[in-house]
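Undergrad: So the sequence lines, in the order shown, correspond to chains R and L.
Its first residue numbered -11, the first sequence is counted upward by one per residue in the working numbering.
Its first residue numbered 82, the second sequence is counted upward by one per residue in the working numbering.
It is worth saying that the hints were derived from the structure and are not from the lab.
One thing to keep in mind: the hints can contain errors.
What the hints assert, rightly or not - Chain L regions said to be covered by chain R (calculated; three or more residues, Cβ under 8 Å):
id	region
1	110 to 118
2	122 to 129
What the hints assert, rightly or not - Here are the simulated DSSO-like cross-link-like pairs (lysine-lysine), alpha carbons at most 27 Å apart as the crow flies:
id	chain 1	residue 1	chain 2	residue 2
3	L	K151	L	K192
4	L	K148	R	K(-3)
5	R	K24	L	K117
6	L	K148	R	K10
7	R	K32	L	K151
Since we're looking at a predicted model, the values are computed, not measured.
Glycine residues also receive a C-beta, built at the ideal position from the N, C-alpha and C atoms.
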Amino acid sequence: DTAVSQTPKYLVTQMGNDKSIKCEQNLGHDTMYWYKQDSKKFLKIMFSYNNKELIINETVPNRFSPKSPDKAHLNLHINSLELGDSAVYFCASSRDQRYGYTFGSGTRLTVV
Amino acid sequence: GEDVEQSLFLSVREGDSSVINCTYTDSSSTYLYWYKQEPGAGLQLLTYIFSNMDMKQDQRLTVLLNKKDKHLSLRIADTQTGDSAIYFCAESPYNQGGKLIFGQGTELSVKP
């Protein structure tokens, strides 16, 4: 299936831990994104990569570090997790503006 | 600045038309989008409109754009219970790496 897939779907962890979320797309898109959706469903961009190059870094704490080993993958590593990091994290990819984004199904992160 | 506003809730009866409204602030946005999010799922692109158009129709969906007032609407004809979801309006400001600015989402509830 062609898609944006992210793992894991659910992640429950303790404060202070370090965790990673992986994202892969097989659509051949050049640009990938991470968005955070909070408990009020508000979506905000965190990062964007185009062909492995960081192009958007939207005032995200430096505990969050994206890594793009190739243009089909964009992973998100989070150090020293805090309660406020609890949210749903969405990965997305795009070909160009006309077609909008294709989103993954989200990773629900709960920090306890 | 960049801001997209939507009303939070809309309730309709099955078979009626639904109209979801959105206002945006960035007049440089070339494309404007409507996304649908079902519970526990990612966002699905429903339709988009190019900024030099004022209307676009796609089966049961009609998008109207008033560029002067920066107002966008999505009309769903013959609304079905399967249309119950959160609908997000989004703008893509010019020359910002494809970043999307989302509204807060409108939760559409369709009653039988």
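Undergrad: Please verify whether K148 of chain L and K(-3) of chain R have alpha carbons no more than 27 Å apart.
TA: Status violated; Cα separation ~39 Å.
Undergrad: Does K24 of chain R pair with K117 of chain L here, judged by a C-alpha cut-off of 27 Å?
TA: 16 Å, holds
Undergrad: Are the Cα positions of K148 of chain L and K10 of chain R separated by 27 Å at most?
TA: The given pair, whose Cα atoms are some 39 Å apart, is violated under the 27 Å limit.
Undergrad: Tell me whether the statement that chain R covers the region 110 to 118 of chain L is true, taking a Cβ distance below 8 Å and needing three residues at minimum.
TA: With 5 residues close enough to chain R, the hint holds.
Undergrad: Count the residues of the region 122 to 129 of chain L whose CB lies closer than 8 Å to any CB of chain R, then report whether that count reaches three.
TA: holds (count 6)
Undergrad: Would the pair K151 of chain L and K192 of chain L pass a check requiring their Cα atoms to be no farther apart than 27 Å?
TA: 31 Å, violated
Undergrad: Can the restraint linking K32 of chain R and K151 of chain L be considered satisfied, given a maximum Cα separation of 27 Å?
TA: 21 Å, holds
When each numbered hint is compared with the structure, violations occur for hints 3, 4 and 6.
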